[in-house]
Amino acid sequence: MANDIAVFKTNMGTFKVKLYLEKSPITAGNFKQLVESGFYNETKFHRVITDFMIQGGDPLSKNDNLKKKWGTGGAERIKDEFIRGLSNVRGSLSMANSGPNSGSSQFFINTVNNDFLDWDKGDQRSKHPVFGEIIAGMDVIDNISIVKVGRNDIPEKNITISSAFMESAKNPPKEKKAA
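Note that my numbering has the sequence shown beginning at 1390, numbered continuously upward.
None of these hints come from the bench; they were simulated from the model. Treat the hints with care, since some could be wrong.
Capping the alpha-carbon separation at 20 Å, the derived lysine to any residue pairs in SDA-like fashion look like this [stated by the list, open to error]: (1) 1516 / 1555; (2) 1412 / 1504; (3) 1405 / 1537; (4) 1421 / 1394; (5) 1412 / 1394; (6) 1516 / 1490; (7) 1405 / 1421; (8) 1546 / 1531; (9) 1546 / 1535; (10) 1516 / 1491; (11) 1405 / 1550; (12) 1456 / 1551; (13) 1468 / 1479; (14) 1546 / 1412; (15) 1421 / 1480; (16) 1537 / 1460.
With the hints as extra help, turn the sequences into a complete structure.
Pasting the structure below:
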């Protein structure tokens, strides 16, 4: 269904995510609402770790002058939602957090199988709910995952989400023309 597919246009290409709205209505629903509101537009992938994941969704990343704070911003926090059978495998979309019930807008895409991040694996302080999967553009994700990074795993060159919208949107954002 088109109403569960989010489209992300970046300066490195486009990818699509299928949201698990029925399986994880809190997490996927929150993400969908943020996409529809334009929250992710002009944010950057602020954390990239090769052979692990790429992370975005921090509103502070819209401002290069706040680079030291990237990774600390977010929207309203939501309750954790762990669903049996959903795992942090390659191509899965997961909620970034700093502990129980601290997820909000930051998300990551697993570039390899990371099932050790699953809620039912071992004792860890930070579990990461899976709420979607990449259905197109995994090559874009892979290309982002190997960019050169500096301090705190921040890419040396900005990787910007120019627009994010639901595929079902009646008026998706128009492409910006180069100046």
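Taking the hints in turn, this is what the structure says about them:
1. 1516 / 1555: Between residue 1516 and residue 1555 the Cα gap is close to 27 Å, so the pair fails against 20 Å, i.e. violated.
2. 1412 / 1504: holds (18 Å)
3. 1405 / 1537: violated (24 Å)
4. 1421 / 1394: holds (9 Å)
5. 1412 / 1394: Given pair residue 1412, residue 1394 holds - Cα atoms ~14 Å apart, limit 20 Å.
6. 1516 / 1490: The hint holds at about 9 Å.
7. 1405 / 1421: Given pair residue 1405, residue 1421 holds - Cα atoms ~13 Å apart, limit 20 Å.
8. 1546 / 1531: Judged against 20 Å, a Cα distance of about 16 Å means the pair holds.
9. 1546 / 1535: Satisfied, since the Cα-Cα distance of roughly 12 Å is no more than 20 Å.
10. 1516 / 1491: holds (10 Å)
11. 1405 / 1550: The given pair, whose Cα atoms are some 12 Å apart, holds under the 20 Å limit.
12. 1456 / 1551: holds (18 Å)
13. 1468 / 1479: Distance ~24 Å between residue 1468 and residue 1479 Cα, so the pair is violated.
14. 1546 / 1412: Outside the cut-off at roughly 36 Å; violated.
15. 1421 / 1480: Holds, because 18 Å separates the two Cα atoms, which is no more than 20 Å.
16. 1537 / 1460: holds (18 Å)
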